[in-house]
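J.: For the sequence shown, the working numbering assigns the number 895 to the initial residue and increments by one for each residue that follows.
Worth flagging that the hints you see were computed from the coordinates, not collected in a lab. Note that the structure is a prediction, hence the values are computed from the model and not measured. Take these hints with a grain of salt, some might be off.
[To be verified] Simulated crosslink set (SDA-like; lysine to any residue; CA at most 20 Å straight-line):
id : residue 1 : residue 2
1  : K1085     : T1019
2  : K1146     : A1034
3  : K1427     : G1401
4  : K1363     : R1206
5  : K959      : F1159
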Amino acid sequence: MKAIVVCLLILLYFCRTTKPIQQLNKRLIVYTLFAFISSSVYTQELPIPVYPKGYFRYPLGIPIKLNANFGEMRPNHFHMGLDLFTQRKTNLPVYAPADGYIARIKIDPNGFGRALYINHPNGYTTLYAHMNTFTPEVEAYLVEQQYANEKWKIEVQVPANKFKVQKGQFIGNSGNTGASEGPHVHFEIRKTENDNCVNPLFFGFNIPDNIPPVLTRLAVYDRNKSTFEQFPAIFVFKKTGDTFKLASPLIKTMASKVSFAITAFDRVNGFTNSLGFNQALVYDNDKPVSGFLIDNIGYDMTRYLNAHIDYRIKTNGGAYLQHLSALPGNRLDIYKKWNKNGLVDLSDGEIHHITLLVKDSYGNTSKAAFNIQQSGTPVEASLPGELMKPNEVNVYENNELQVYISEKGLYDAIHFIYGKEPSAIGLSDVYVLQNPSIPLQDSMIVGIKATRKISGDDANHVLMYHTGKKKPDVARAYFKDGWFTAKFREFGTFQLVLDNEPPKITGNIFNGANLSKASFIKFIVSDNYKEIKNFRAELDGKWLLFGGTSNTFTYRMDSHCPPGEHELKVRVEDEAGNVTEQVYRFVR
895 MKAIVVCLLI LLYFCRTTKP IQQLNKRLIV YTLFAFISSS VYTQELPIPV YPKGYFRYPL
955 GIPIKLNANF GEMRPNHFHM GLDLFTQRKT NLPVYAPADG YIARIKIDPN GFGRALYINH
1015 PNGYTTLYAH MNTFTPEVEA YLVEQQYANE KWKIEVQVPA NKFKVQKGQF IGNSGNTGAS
1075 EGPHVHFEIR KTENDNCVNP LFFGFNIPDN IPPVLTRLAV YDRNKSTFEQ FPAIFVFKKT
1135 GDTFKLASPL IKTMASKVSF AITAFDRVNG FTNSLGFNQA LVYDNDKPVS GFLIDNIGYD
1195 MTRYLNAHID YRIKTNGGAY LQHLSALPGN RLDIYKKWNK NGLVDLSDGE IHHITLLVKD
1255 SYGNTSKAAF NIQQSGTPVE ASLPGELMKP NEVNVYENNE LQVYISEKGL YDAIHFIYGK
1315 EPSAIGLSDV YVLQNPSIPL QDSMIVGIKA TRKISGDDAN HVLMYHTGKK KPDVARAYFK
1375 DGWFTAKFRE FGTFQLVLDN EPPKITGNIF NGANLSKASF IKFIVSDNYK EIKNFRAELD
1435 GKWLLFGGTS NTFTYRMDSH CPPGEHELKV RVEDEAGNVT EQVYRFVR
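Make a model of the complete structure from these sequences and hints.
T.: Structure below.
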């Protein structure tokens, strides 16, 4: 900045002393210099790491189109890669983006479905999820490992260089497996050393994009209070010229310290679907205050998405509002602050000019501007309940309830409260803990005492039943020193219930069946409380590979079931430890 001031003084002196320069030229020089100074104010950006552009080719053989990009908001997690459009089809060929070797194969019906990982010599790993099939040699190796480990849901670490691939080599067909809502390929680039996911769009894929993000909403928070114990003021952005502005020329607030959150989306040329943006920065009177760059996130940290957004607003049906300053308990390493706390200090009572810059992965930038001023004296309200703070171990205990929350549990302070009401069917009273709109990072431990006598083996079949924002859930409750305890990641209602009802099994097979023309055996399993905990099938005393979702398990006939007489034993266990076994004798 000193150099800029010196240049300004020199040019002003030159304009004053050099007669041939016309007044218009003087104004032009001065205007240009001031424009340069103004633009230089907004150069305090979060640095984007240098990634090897052009190293990876696009994994599909069709034109590039994204269904979703890196860092978008999802329930309880960031979207950690790109969703590649496959023309609403499955079985499109997928190609290796660079030389390397297959390092992992993963089968997960509740996540990536069928997924493949390739390690590359430049220190990065690429991932392809929701695949339908792999190459025949990889499929054969996968089945071999599933039988060796007696697991269908599995993550196989493949020996280095067992399956080498070259750039452009066919590695499998696209699909719609796992937790997929339509045919596509989920594509990630990770750092091999720590498995952190990085933004694939920083690697130079040729996606024409000169469209800047669109800002729609602004939220203002009083950061003298917990963000969980207030309702932010919400304003709507409207674009005027090249700047997003608010209807009100001045926001007045009683808060002396504030932070902001925004709702925004991005688009790319030629497509109408909304995508996520990548970077946002806050300036107070042209000085940088805070910002974030969504990149380099590990799966062990992705749940901090719930601290990055206004979780209460989202879970109550609102939009995704992304915080521009980190909450106290948010340990994500995507934020930067230029002052002690990354907040805007309004205690001087002056009008503050706030500028927001929002960018996408290709550097297209949108600007929002508004004014804000502290006005009035805040009213201090006394809240009921026990104060619990982030970054501290928080314990609540009395003679009927125990709650343990680790130092990573809370994102912001809360005043812990609970209520109690009798249960008509449970083994305990119903406890209402806090509000499920307040998120938790780690599981908390909840302890409850039974109000009804539990005798004999029933103590081994007690569940803790929980209702929150999502569908009801149960967890096995363990008894010790008079308390039944279980772990949950959400506040809500809790009670103890007895579950001694075994799961039910229904199949397309019966004793004495002739399956010589059958191509598969299928079982549908149901339980009164939860999805099945364990499913195991043995054919003639040996484990048999049944692929499954939450309640449907299928074996497709192969060499493991040769022609002849067979005995198939099926064993199913639920969350409470209840077991159902069935035996079928059949001919193939």
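J.: Work down the list of hints and note, for each, if the structure agrees.
T.: Taking the hints in turn, this is what the structure says about them:
no., hint, in the structure
1, K1085 to T1019, "6 Å, holds"
2, K1146 to A1034, "67 Å, violated"
3, K1427 to G1401, "18 Å, holds"
4, K1363 to R1206, "11 Å, holds"
5, K959 to F1159, "17 Å, holds"
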